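For reference, the chains in residue letters:
There are 2 protein chains.
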Amino acid sequence: MSARTETVPEITAYRSVPEFARGRIKDIRVRWALEEIGQLYRTRLIGGIFGEKAPAYLADQPFGQVPVYKEGDLTLFETGSILIHIGEADERLLPRDAKGRGRAISWMIAALNSVEPMIQTLVVLTVKGQGTDWLAGAIEAAKPFAEERLSRLSQALGDRDWLEDHFSIGDIVMADVLRNASAELLAPHSNLTAYVARGKDRPAFQKAMAAHLADCTVGEPLPA
Amino acid sequence: MSARTETVPEITAYRSVPEFARGRIKDIRVRWALEEIGQLYRTRLIGGIFGEKAPAYLADQPFGQVPVYKEGDLTLFETGSILIHIGEADERLLPRDAKGRGRAISWMIAALNSVEPMIQTLVVLTVKGQGTDWLAGAIEAAKPFAEERLSRLSQALGDRDWLEDHFSIGDIVMADVLRNASAELLAPHSNLTAYVARGKDRPAFQKAMAAHLADCTVGEPLPA
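Protein chains in written order, with numbering that gives the first Met the number 0: chain A, 0 to 223; chain B, 0 to 223.
Think of the hints as simulated: they come from the structure by calculation, not from any bench. None of these values were measured; they are calculated from a predicted model. Wrong hints could be hidden among the right ones.
Identical chains blur together in the list; that is why a pair holds if it fits in one copy or across any two.
Said to hold, decoys possible - Mimicking DSS-like on lysine-lysine, the simulated pairs with C-alpha atoms at most 27 Å apart in a straight line are:
hint, residue 1, residue 2
1, Lys-142, Lys-25
2, Lys-52, Lys-142
3, Lys-69, Lys-52
4, Lys-98, Lys-206
5, Lys-69, Lys-142
6, Lys-25, Lys-127
7, Lys-52, Lys-98
8, Lys-127, Lys-142
9, Lys-199, Lys-52
10, Lys-127, Lys-206
11, Lys-52, Lys-127
12, Lys-52, Lys-25
13, Lys-69, Lys-206
14, Lys-206, Lys-142
15, Lys-69, Lys-127
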């Protein structure tokens, strides 16, 4: 059924982050995928989001982010790339037929490039703009882009459980992206709210989140 | 050398867009990849960015964007997904060995999720905020995120021609993402400026852009 790797893979994660970021870091997506297929993994902790990164770390992850994924002599960065690799070894995450595989990867990239950026813009403006006189205007300008994407997504999902007939890496990323959207953004779309809840109900998500929270403390200060 | 497909693929593109968007639509990335490997393709034009999309179109592309890619009975959406598919047929775009393939896909996803969103946020705020009293504050808050990613990218690229030893789908997306960054953002990094110029100098890019411009007129009004 699954082609489980003999080599136990290693991922990196942050040891400490600011409060708003705990539970919202991308190692969760990779832990989730690995838990879905029962793949053991090791975690290597590095400082925090804003701390200096060692040159050796930047050689593996040019942007200093987490996770880096190592399996034997293979090193990958970016969760999307890591999830394609993990999925290719197990059809519970990524169908083997060209059509099913294509749809799952298309959805995953859609989550990363057509949905997450619009949601992330609102998060960044909200965090950086607290108490400023520009926040309301900027949010009003940026919010329609996120709303439009969520409306389209809600329409595409309809009353299905997952984006396609079967759960895939597309759902891991999309559900995690939506999990970080504000309740206000999701409120008009009860099917998206239910979709996020369905993702969070999966035992693999819960194990992934528990492992993330056990590794990652609150403590890193925000940069000046 | 290359496993060229017998079926001529079809992509969708916009017939008409607002002035700021012409030359900056994502069909260019797919045309570029196809030109790099000498793959003929057909173009199917649809209305514009903001126009209503037919239900049949939304079934292929849930967000109503371009391009949709069709090859035989395979339909893909999202340029990242399409480029992986095109690359898998030709090692001039995507190495076949696991390491090279992994790095190329990691870079492509980095362009889509770790670089483009930060640049796109500045574009959106600038377009929507012209003449408002909130624009300067919002740009000041959002710009450091884009600057940090470009600094990291510049450091990773160093004095190489491409992100890895050989040109790949990672370079197609990264160079096109940077092409849409402001001159001010790129100015501190002469290697990134040269990297974009190197991408634009490739005959395949020039053919792709010419075909895009021939198909896509300026005319669609901005939504109210």
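Hints, verified against the model:
1. Lys-142 with Lys-25: both (23 Å within a copy, 22 Å between copies)
2. Lys-52 with Lys-142: between (33 Å within a copy, 21 Å between copies)
3. Lys-69 with Lys-52: within (18 Å within a copy, 43 Å between copies)
4. Lys-98 with Lys-206: neither (30 Å within a copy, 29 Å between copies)
5. Lys-69 with Lys-142: neither (37 Å within a copy, 32 Å between copies)
6. Lys-25 with Lys-127: within (21 Å within a copy, 30 Å between copies)
7. Lys-52 with Lys-98: between (40 Å within a copy, 23 Å between copies)
8. Lys-127 with Lys-142: So Lys-127 and Lys-142 pass the 27 Å test inside a copy (16 Å) and across (11 Å) alike.
9. Lys-199 with Lys-52: Cα proximity of Lys-199 and Lys-52: none, with 32 Å in one copy and 32 Å across.
10. Lys-127 with Lys-206: Classified as neither: same-chain Cα gap 32 Å, cross-chain 42 Å, threshold 27 Å.
11. Lys-52 with Lys-127: within (23 Å within a copy, 36 Å between copies)
12. Lys-52 with Lys-25: within (17 Å within a copy, 33 Å between copies)
13. Lys-69 with Lys-206: This pair counts as within: shortest intra-copy Cα distance 21 Å, inter-copy 39 Å.
14. Lys-206 with Lys-142: neither (33 Å within a copy, 36 Å between copies)
15. Lys-69 with Lys-127: neither (34 Å within a copy, 42 Å between copies)
Going down the numbered hints, you'll see the structure goes against 4, 5, 9, 10, 14, 15, while the others check out.
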